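Chains as they are written, first to last, in our numbering: chain A, 1 to 267; chain B, 1 to 267; chain C, 1 to 267; chain D, 1 to 267.
Don't read these hints as lab results, they were simulated from the structure.
Be a bit skeptical, because a hint or two may be false.
Identical copies go unnamed one by one, so any copy, or any two together, can satisfy a pair.
To be verified - Pairs of lysine-lysine, DSS-like flavour, derived with a Cα cap of 30 angstroms: (1) K88 / K121; (2) K88 / K129; (3) K129 / K253; (4) K253 / K88.
The model shown is predicted, which means the values in this text are computed figures rather than measured ones.
There are 4 protein chains.
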Amino acid sequence: MRVTVWGERFLEGESLPGRPPPINYASYIDEARRIYPDDIHEAIASALRGLLGEDDVVVTATLDDPGHGLTDEVLAATDVLIWWGHVKHIVVTDEEAERVCRRVTDDGMGLIMLHAGSGSKVFRGLMGKSCRAAVLRQGDDWEALWTVMPSHPIASGIEPVVVLLHEEMFGEYFDIPTPDDVVFISSFKGGEVFRSGCCFTRGKGRIFYFRPGHESHPTYHHPGVQQILANAARWACNDTPSNVTIPYVLDMKTEGWFLPTPVPTGS
Amino acid sequence: MRVTVWGERFLEGESLPGRPPPINYASYIDEARRIYPDDIHEAIASALRGLLGEDDVVVTATLDDPGHGLTDEVLAATDVLIWWGHVKHIVVTDEEAERVCRRVTDDGMGLIMLHAGSGSKVFRGLMGKSCRAAVLRQGDDWEALWTVMPSHPIASGIEPVVVLLHEEMFGEYFDIPTPDDVVFISSFKGGEVFRSGCCFTRGKGRIFYFRPGHESHPTYHHPGVQQILANAARWACNDTPSNVTIPYVLDMKTEGWFLPTPVPTGS
Amino acid sequence: MRVTVWGERFLEGESLPGRPPPINYASYIDEARRIYPDDIHEAIASALRGLLGEDDVVVTATLDDPGHGLTDEVLAATDVLIWWGHVKHIVVTDEEAERVCRRVTDDGMGLIMLHAGSGSKVFRGLMGKSCRAAVLRQGDDWEALWTVMPSHPIASGIEPVVVLLHEEMFGEYFDIPTPDDVVFISSFKGGEVFRSGCCFTRGKGRIFYFRPGHESHPTYHHPGVQQILANAARWACNDTPSNVTIPYVLDMKTEGWFLPTPVPTGS
Amino acid sequence: MRVTVWGERFLEGESLPGRPPPINYASYIDEARRIYPDDIHEAIASALRGLLGEDDVVVTATLDDPGHGLTDEVLAATDVLIWWGHVKHIVVTDEEAERVCRRVTDDGMGLIMLHAGSGSKVFRGLMGKSCRAAVLRQGDDWEALWTVMPSHPIASGIEPVVVLLHEEMFGEYFDIPTPDDVVFISSFKGGEVFRSGCCFTRGKGRIFYFRPGHESHPTYHHPGVQQILANAARWACNDTPSNVTIPYVLDMKTEGWFLPTPVPTGS
Numbered sequence: 001m002r003v004t005v006w007g008e009r010f011l012e013g014e015s016l017p018g019r020p021p022p023i024n025y026a027s028y029i030d031e032a033r034r035i036y037p038d039d040i041h042e043a044i045a046s047a048l049r050g051l052l053g054e055d056d057v058v059v060t061a062t063l064d065d066p067g068h069g070l071t072d073e074v075l076a077a078t079d080v081l082i083w084w085g086h087v088k089h090i091v092v093t094d095e096e097a098e099r100v101c102r103r104v105t106d107d108g109m110g111l112i113m114l115h116a117g118s119g120s121k122v123f124r125g126l127m128g129k130s131c132r133a134a135v136l137r138q139g140d141d142w143e144a145l146w147t148v149m150p151s152h153p154i155a156s157g158i159e160p161v162v163v164l165l166h167e168e169m170f171g172e173y174f175d176i177p178t179p180d181d182v183v184f185i186s187s188f189k190g191g192e193v194f195r196s197g198c199c200f201t202r203g204k205g206r207i208f209y210f211r212p213g214h215e216s217h218p219t220y221h222h223p224g225v226q227q228i229l230a231n232a233a234r235w236a237c238n239d240t241p242s243n244v245t246i247p248y249v250l251d252m253k254t255e256g257w258f259l260p261t262p263v264p265t266g267s
Numbered sequence: 001m002r003v004t005v006w007g008e009r010f011l012e013g014e015s016l017p018g019r020p021p022p023i024n025y026a027s028y029i030d031e032a033r034r035i036y037p038d039d040i041h042e043a044i045a046s047a048l049r050g051l052l053g054e055d056d057v058v059v060t061a062t063l064d065d066p067g068h069g070l071t072d073e074v075l076a077a078t079d080v081l082i083w084w085g086h087v088k089h090i091v092v093t094d095e096e097a098e099r100v101c102r103r104v105t106d107d108g109m110g111l112i113m114l115h116a117g118s119g120s121k122v123f124r125g126l127m128g129k130s131c132r133a134a135v136l137r138q139g140d141d142w143e144a145l146w147t148v149m150p151s152h153p154i155a156s157g158i159e160p161v162v163v164l165l166h167e168e169m170f171g172e173y174f175d176i177p178t179p180d181d182v183v184f185i186s187s188f189k190g191g192e193v194f195r196s197g198c199c200f201t202r203g204k205g206r207i208f209y210f211r212p213g214h215e216s217h218p219t220y221h222h223p224g225v226q227q228i229l230a231n232a233a234r235w236a237c238n239d240t241p242s243n244v245t246i247p248y249v250l251d252m253k254t255e256g257w258f259l260p261t262p263v264p265t266g267s
Numbered sequence: 001m002r003v004t005v006w007g008e009r010f011l012e013g014e015s016l017p018g019r020p021p022p023i024n025y026a027s028y029i030d031e032a033r034r035i036y037p038d039d040i041h042e043a044i045a046s047a048l049r050g051l052l053g054e055d056d057v058v059v060t061a062t063l064d065d066p067g068h069g070l071t072d073e074v075l076a077a078t079d080v081l082i083w084w085g086h087v088k089h090i091v092v093t094d095e096e097a098e099r100v101c102r103r104v105t106d107d108g109m110g111l112i113m114l115h116a117g118s119g120s121k122v123f124r125g126l127m128g129k130s131c132r133a134a135v136l137r138q139g140d141d142w143e144a145l146w147t148v149m150p151s152h153p154i155a156s157g158i159e160p161v162v163v164l165l166h167e168e169m170f171g172e173y174f175d176i177p178t179p180d181d182v183v184f185i186s187s188f189k190g191g192e193v194f195r196s197g198c199c200f201t202r203g204k205g206r207i208f209y210f211r212p213g214h215e216s217h218p219t220y221h222h223p224g225v226q227q228i229l230a231n232a233a234r235w236a237c238n239d240t241p242s243n244v245t246i247p248y249v250l251d252m253k254t255e256g257w258f259l260p261t262p263v264p265t266g267s
Numbered sequence: 001m002r003v004t005v006w007g008e009r010f011l012e013g014e015s016l017p018g019r020p021p022p023i024n025y026a027s028y029i030d031e032a033r034r035i036y037p038d039d040i041h042e043a044i045a046s047a048l049r050g051l052l053g054e055d056d057v058v059v060t061a062t063l064d065d066p067g068h069g070l071t072d073e074v075l076a077a078t079d080v081l082i083w084w085g086h087v088k089h090i091v092v093t094d095e096e097a098e099r100v101c102r103r104v105t106d107d108g109m110g111l112i113m114l115h116a117g118s119g120s121k122v123f124r125g126l127m128g129k130s131c132r133a134a135v136l137r138q139g140d141d142w143e144a145l146w147t148v149m150p151s152h153p154i155a156s157g158i159e160p161v162v163v164l165l166h167e168e169m170f171g172e173y174f175d176i177p178t179p180d181d182v183v184f185i186s187s188f189k190g191g192e193v194f195r196s197g198c199c200f201t202r203g204k205g206r207i208f209y210f211r212p213g214h215e216s217h218p219t220y221h222h223p224g225v226q227q228i229l230a231n232a233a234r235w236a237c238n239d240t241p242s243n244v245t246i247p248y249v250l251d252m253k254t255e256g257w258f259l260p261t262p263v264p265t266g267s
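Same shape as in the complex, but just chain A:
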């Protein structure tokens, strides 16, 4: 399995080209740099290298790489793409986002979308919805992830409740299509709830959305979160995709054209 962890990289300076700094960004970005000195994508990649098998390869790519780290070469070498982005969604081009979506749906590349990546072009393109949370609080309180689908591969070995002592809050209504499976539901100290671990399938691809992971909290250092991400990578990997293709075939003969030729007649 070849996993690529993609990250947007923390903002250098205070703003995007031509844009004001994101709300509250200055107040927590120093803390983020302290928690993740090599940025978030490297922290995740490092954790996965310890949890996945010897034959599994984990690399990273970022928005600062050529082609924003989303070239055909990168994608062709990726079985599962893990995506962390927050304030730079707009920098990814429509073409790049479309390329990622196609690689998921048509080739079966797995996709694990983290936290604020719900607002990325890639995720919204695959979902066809705004994917916004109704309420949000940049707080410092606990989040508890409850397993509600213990049969699911992503829940393998996971505790009935995984507690993150400090996280940002997203609250329902979460504006997504009905997930194929909801594996985890979060509660927050404020009393809000969120469908925090959601599986979707699109064409040949498997997609897992996982809510936790604000950059100012040490979420990706939590062993339970790391195990969930490793489980999710294995689940999302579809290395022998189905042979289904999407051609239009006109003027086929009417009956049993898919039967072996010649059609057996009574013998």
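Using the hints provided, position chains B, C and D relative to the given structure of chain A.
What follows is chains B, C and D alone, placed relative to chain A:
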């Protein structure tokens, strides 16, 4: 629409025949009698009479009625059965439970199962699972019901969050089959979550499970809860069921036996 | 209930502005005009007027109307939009398609998408997928629609198998997201299958895709099809939508902000 | 992975104790013995041994074994149970069926239920429904299995359509709960359709129902069917189940009882 609200009736005295009193029952049953002087089934029926249409008929039946209020006559006159039971599940016979299940699956009677009715023979029979909650607390704290499927008929006109200031707690994992739809998710003061509003279909029947409603709290007097139950009754009613039947038909001719006779040939 | 049946209108002449005529169009369009002398949208509207209630209003709109029949005024006056389009998808602008999608997801307008409308900008926008069928045959053979979810409102009163003696074929794999419900599955004379009656929810909106309806066949004159469309209109109508909204609310106080004020404290 | 293939064994003589011979059984059982000289369970086990990994162990058990091959010892040594039964469902005791169900739901044993096993006590117990097909034909015609969920692990490497030239027919309505996933839909020469590859989850367990496999046809010698069964075994195996348990815990302290102790307070 003909709605029958079925109730087990509060225990008179302290125990079931041959059984010790349920845990903590004595401590709250007087409060229950004060809140629901005519018992819970009558409170629900009364609320529904005010919310449903003029042509809709709402009656009640109880475990004390002949045949435990679950005779063929009662069921034949019922489009939607609302069920509240808690400590007397064992008194309902296997035959009666089976009769209710069949009326749901084969005739399309709607079923709204309330609160501890998750443990009833009827619900477990339809679900094929224990339907138990992993954690439970007979407390006096708030429950918040969050709407997570605003498109659903049962959510029509319902606030994004319905707050019950005093309720018992059930917490995940809730041991049910994957619901067709999850309409409401609850959080509790203790930080637990629960899939509190779940839709299932079984054969021709539609089933809604709704968690709130411990007898010592005024839950069924809450306007939001009453509206949810009225919406659920309308949703669950299947007064013109599909014509599908379940026969075994042997020795059918091979091809297009379902086509109109004679089979049109080119004209 | 206010239903608007939208149609693209049959092509006059042989081609779209600047485009070659669609494949085979000339070969069947005269037949289509014979079967539906007032075009398809009028045939559907006429059938629904006979099946829906006295208080329900059914109007039509077309691509030839001002704003392509998709103005704010038209949409604001529509509870359920029924859409038939086939060869002119490209003429609908991105803005118009987006406006329809938003009216579905944010306001709860129902949408019934017919036949080749699977390729429209509106449907693909809501689904986030190509929505293509793997195989297709412009034939003249039978299609059989089997009811596989008899509990569903759209199946109410519908026969176990509805037979259309002459239809075009679409075959799996159908490139859509996992539907919330599959109500009908088709088989075709050639042995292909298709998920022909699929329900989706997106935000507050309910969406039904229904496969049959090639313009050269009298599908919309079939009583079973007409009943399915009437059932679908009733199902898709969400005239009292949920109160859920999609704002971002920052800096909320932490705990129980949704509780009634003043927060009860132990009394 | 430890796989146990369970079979009821072909009837010796003509009937079950105290029962008439099954309909048409005599007419095809000799053919079955010719196709599967070591019975069906051995044919399946043999195929799986060739397709699964070196570390995977595949054994067989039958109704003729002590405890009907369903003892605690057998189940404790089984990660995935594959079940083929047809005419002897009644011989399995209620206790044995319940033991298998509990091992699935509470311990996460995978279950692959084949063909007429839909009518077994085990399957009906897990589904809570009759699990009957509306129509059935003991014919000799083709069945075509269409992949409708190419992202699913059970479809990995499978052709878009798998053709069995000779099979028995089951037709919809198939009286099952809504599956979590439908991976394959069959068509038959007669024009019927069937949801032939269905995934369910119950508690910690994963269940796959696969329709083909009448004993008088060489279905389990087909390479495509063998690959589907090998895929299904891998998918159903849950060797590190979730830690969720199903206890009732009364009188928990109210708030954040699941938080690490001591509860962090602001540091």
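Outcome of the hint check:
1. K88 / K121: Intra 11 angstroms, inter 27 angstroms, cutoff 30 angstroms: intra and inter.
2. K88 / K129: both (19 angstroms within a copy, 25 angstroms between copies)
3. K129 / K253: Between copies only: 28 angstroms across, 39 angstroms inside.
4. K253 / K88: The answer is between: 27 angstroms across copies meets 30 angstroms, while 52 angstroms in one copy does not.
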